[in-house]
Amino acid sequence: MTTQAGAAIATAAQHDPEPKKVRGRTNWGDLALKMAAGLVLLYLFLPIFVIVLFSFNKPAGKFNYTWQGFTLENWLDPFKYPPLTEALKLSLNVAAVSTAVALVLGTLVAIALVRQRWRGQRAVDTFLVLPLTAPEVVMGAALLTLFLDLSWPAGYTTILLSHIAFEVSFIAMTVRARVRGFDWTLEDASLDLGAGPARTFFKVTLPLIVPGLVAAAMLSFALSLDDFIITYFVSGAEVTYPLYVNAAVKAAVPPQINVLATAILVVSLVLLAVSTLYRRKRFAG
Amino acid sequence: MAGVATSSRQRSKAAPYLMILPALAYLAIFFVVPFYSLARTSLSETAGSVFMPTLTFAWDFANYADAFTLYREQIFRSFGYAFAATVLCLLLAFPLAYVIAFKAGRFKNLILGLVILPFFVTFLIRTIAWKTILADEGWVVSALGAVGLLPDEGRLLSTSWAVIGGLTYNWIIFMILPLYVSLEKIDPRLLEASKDLYSSAPRSFGKVILPLAMPGVLAGSMLVFIPAVGDFINADYLGSTQTTMIGNVIQKQFLVVKDYPAAAALSLGLMLLILIGVLLYTRALGTEDLV
Chain A
260 MTTQAGAAIA TAAQHDPEPK KVRGRTNWGD LALKMAAGLV LLYLFLPIFV
310 IVLFSFNKPA GKFNYTWQGF TLENWLDPFK YPPLTEALKL SLNVAAVSTA
360 VALVLGTLVA IALVRQRWRG QRAVDTFLVL PLTAPEVVMG AALLTLFLDL
410 SWPAGYTTIL LSHIAFEVSF IAMTVRARVR GFDWTLEDAS LDLGAGPART
460 FFKVTLPLIV PGLVAAAMLS FALSLDDFII TYFVSGAEVT YPLYVNAAVK
510 AAVPPQINVL ATAILVVSLV LLAVSTLYRR KRFAG
Chain B
20 MAGVATSSRQ RSKAAPYLMI LPALAYLAIF FVVPFYSLAR TSLSETAGSV
70 FMPTLTFAWD FANYADAFTL YREQIFRSFG YAFAATVLCL LLAFPLAYVI
120 AFKAGRFKNL ILGLVILPFF VTFLIRTIAW KTILADEGWV VSALGAVGLL
170 PDEGRLLSTS WAVIGGLTYN WIIFMILPLY VSLEKIDPRL LEASKDLYSS
220 APRSFGKVIL PLAMPGVLAG SMLVFIPAVG DFINADYLGS TQTTMIGNVI
270 QKQFLVVKDY PAAAALSLGL MLLILIGVLL YTRALGTEDL V
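If you read the sequences in order, they're chains A and B.
To convert, count from 1 in the first sequence and add 259; that's the numbering used here.
To convert, count from 1 in the second sequence and add 19; that's the numbering used here.
If you're looking for bench data, these hints aren't it; they were derived computationally from the structure.
Check before you lean on any hint, since a few could be wrong.
What the hints assert, rightly or not - In silico DMTMM-like links for lysine to aspartate or glutamate, alpha-carbon gap of 20 Å or less: (1) B:K32 / A:D447; (2) A:K321 / B:E156; (3) A:K317 / A:D289; (4) B:K226 / A:D447; (5) B:K122 / A:D408; (6) A:K321 / A:E332; (7) A:K509 / B:D171; (8) B:K271 / A:E497; (9) A:K317 / B:E172.
What the hints assert, rightly or not - Derived DEER-like restraints, expressed as beta-carbon distance ranges: (10) A:A448 / B:Y36: 20 to 26 Å; (11) A:D442 / B:Y217: 17 to 23 Å; (12) B:E211 / A:P470: 30 to 36 Å; (13) B:F76 / A:W411: 16 to 22 Å; (14) B:I48 / A:R381: 18 to 24 Å; (15) B:W78 / A:P470: 37 to 43 Å; (16) B:V166 / A:W411: 52 to 58 Å; (17) A:A319 / B:A162: 20 to 26 Å; (18) B:I48 / A:A448: 22 to 28 Å; (19) B:L129 / A:V526: 39 to 45 Å.
Note that CB positions come from ideal geometry on N, CA and C, so glycine has one too.
Throw the hints in and build the complete structure from the sequences for me.
See below:
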């Protein structure tokens with residue numbers, strides 16, 4: 260998933276769909292359309308099936324490209340390759356730290372953009388979109404030339420700084436979309452009733468914008484975890500999870516890559532289900 | 020801007036500027052300045068060895084002319100592949116987005132969730148999976164060979180089609196979601212009205228649905244085209260030396276050959292081409308539909 264994907268997901272997720280019915284009998288055109296949609300959905304899942312299936316493969320050589328036989332060995336020993344585990348740990352670390360910083364920077368901009376009108380707002384709005392429109396290869400190249408100019412050695416810090424750079428805009432856009440309908444006069448009510456600005460922020464503003472922040476943070480985390488291209492340019496000798504996978508393609512692909520990918524998928528699925536159920540419960544109650 | 024709530028209390032005039040300051044300062048240093056460095060590098064001359072190249076700024080515009088002549092093939096190929104992938108994404112995404120928006124009923128959220136799910140698997144691993152699927156000894160190649168769609172010794176992997184297919188797969192989500200969002204906004208009563216007025220289904224599609232879905236089509240096309248044109252993973256994993264794209268060249272020049280000026284000129288040239296498109300787009304439609 261790249262930056263643009265996350266933004267698109269965020270937009271789609273904010274539309275609470277309600278069923279719409281178009282009048283008419285079931286006809287063949289309708290059926291054909293549904294079948295086409297079903298086939299596209301199947302196409303989206305085809306590589307996923309392969310990934311899950313090959314996590315149970317017993318590869319003969321160094322590569323896990325052809326089916327050799329069923330085994331549970333890979334699942335019983337998911338952390339068999341310490342470099343892979345280390346890479347995953349580094350990625351989780353970078354994702355957590357960069358998201359935390361970007362969340363603060365991005366949320367402040369988002370609130371400033373929707374809360375009131377000010378001069379230069381449109382320009383800032385357009386400026387924020389720019390990082391999302393730069394292809395990752397260009398963004399990575401630009402950051403690399405900056406670090407070369409500054410003679411900063413590429414490593415953990417440069418990865419972190421680069422990830423924050425692409426996450427800020429993305430978080431600002433997602434949070435902005437989520438808080439657009441927020442009634443800011445509630446803050447005034449709180450202030451009128453004698454609560455201080457700090458108390459108003461923590462008791463009124465924050466609880467209302469938290470769902471938006473959580474969504475933005477989760478997507479930003481996913482973007483960071485998945486980023487290969489920008490990281491590739493600024494990583495130096497550090498190896499993140501996608502970088503490990505890329506090196507593996509050239510040398511040897513252990514099935515543990517599939518095991519961990521499947522595990523991440525299952526965790527995402529559970530998080531998605533829990534958040535959906537939680538939302539449904541909140542709205543029902 | 021729509022949705023700005025004006026409050027009864029006069030808010031501090033300085034507040035929004037203080038709130039945007041940290042993020043803008045950050046983006047100034049780590050987004051604007053890098054482009055300055057990139058531009059400077061693109062006009063520099065190199066000396067020294069491959070291991071320790073030294074750069075001197077020299078207004079060397081020849082870097083651009085050289086890079087764009089030398090890699091013209093890859094530039095054209097990148098734009099061609101990205102265009103083909105965008106069209107394929109549109110053709111595949113439309114029926115799915117349409118069915119989710121109008122026909123899914125109470126399964127709408129479930130299908131949306133399913134659409135997003137594959138993208139929780141790392142981009143690189145998904146592409147490796149396509150490598151497995153399209154492999155010479157894989158069942159897709161043998162099935163196509165059996166029905167005569169692929170000649171003997173015919174391959175899928177290492178062809179232009181494999182690269183375009185990979186680009187399509189990896190970015191189709193950006194097409195599905197904006198399309199769904201704009202289709203979802205269409206009032207179904209408009210479709211009923213057009214039916215009541217004796218419009219045929221294809222005519223309703225052309226005269227009602229398509230014009231109203233246009234913001235989604237444009238946003239989706241841009242969101243697919245931009246990452247696709249700069250990508251180098253699909254060409255690297257699924258293609259061959261005959262299918263290299265501009266991203267492969269930039270990556271290799273920067274990280275392997277270390278010809279920084281040429282790589283910087285290519286990157287900046289690519290960015291400028293895209294920027295012109297984006298500015299035209301936001302001028303016409305605003306940023307609201309984009310993200």
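The hints, checked one at a time:
1. In summary, the hint linking K32 (chain B) to D447 (chain A) is supported, as the alpha carbons are separated by about 16 Å, within the 20 Å threshold.
2. The suggested pairing of K321 (chain A) with E156 (chain B) holds, with an alpha-carbon distance near 17 Å, which does not exceed 20 Å.
3. The straight-line distance between the Cα atoms of K317 (chain A) and D289 (chain A) is roughly 44 Å, outside the 20 Å bound, and the hint therefore fails.
4. Between K226 (chain B) and D447 (chain A) the CA atoms are separated by roughly 47 Å; this puts the pair beyond 20 Å, and the hint is violated.
5. Between the alpha carbons of K122 (chain B) and D408 (chain A) the distance comes to roughly 55 Å, so the proposed pair goes past 20 Å and is violated.
6. Distance restraint check for K321 (chain A) and E332 (chain A): the Cα-Cα separation of roughly 16 Å lies within the 20 Å cut-off, and the hinted pair is therefore satisfied.
7. With a C-alpha separation of about 28 Å, the suggested pairing of K509 (chain A) with D171 (chain B) is violated against the 20 Å cut-off.
8. For the proposed pair K271 (chain B) and E497 (chain A), the alpha carbon gap of about 19 Å is at most 20 Å, so the pair holds.
9. Proposed proximity of K317 (chain A) and E172 (chain B) is contradicted: the alpha carbons are some 28 Å apart, above 20 Å.
10. The supplied range of 20 to 26 Å is met by A448 (chain A) and Y36 (chain B), whose beta-carbon atoms lie about 25 Å from each other.
11. Between D442 (chain A) and Y217 (chain B) the beta carbon distance is about 45 Å. The supplied range of 17 to 23 Å is therefore violated.
12. Between E211 (chain B) and P470 (chain A) the C-beta distance comes to about 35 Å, which sits within the given range of 30 to 36 Å.
13. A beta carbon spacing of about 19 Å between F76 (chain B) and W411 (chain A) agrees with the range 16 to 22 Å that was offered as a hint.
14. Checked against the hint of 18 to 24 Å, the pair I48 (chain B) and R381 (chain A) passes, with Cβ atoms roughly 23 Å apart.
15. W78 (chain B) and P470 (chain A) have their C-beta atoms about 52 Å apart, which leaves the hinted 37 to 43 Å range violated.
16. Range check, V166 (chain B) to W411 (chain A): about 57 Å between beta-carbon atoms, so the 52 to 58 Å window is met.
17. Checked against the hint of 20 to 26 Å, the pair A319 (chain A) and A162 (chain B) passes, with Cβ atoms roughly 23 Å apart.
18. Range check, I48 (chain B) to A448 (chain A): about 39 Å between beta-carbon atoms, so the 22 to 28 Å window is missed.
19. Between L129 (chain B) and V526 (chain A), the C-beta spacing of about 19 Å breaks the proposed range 39 to 45 Å.
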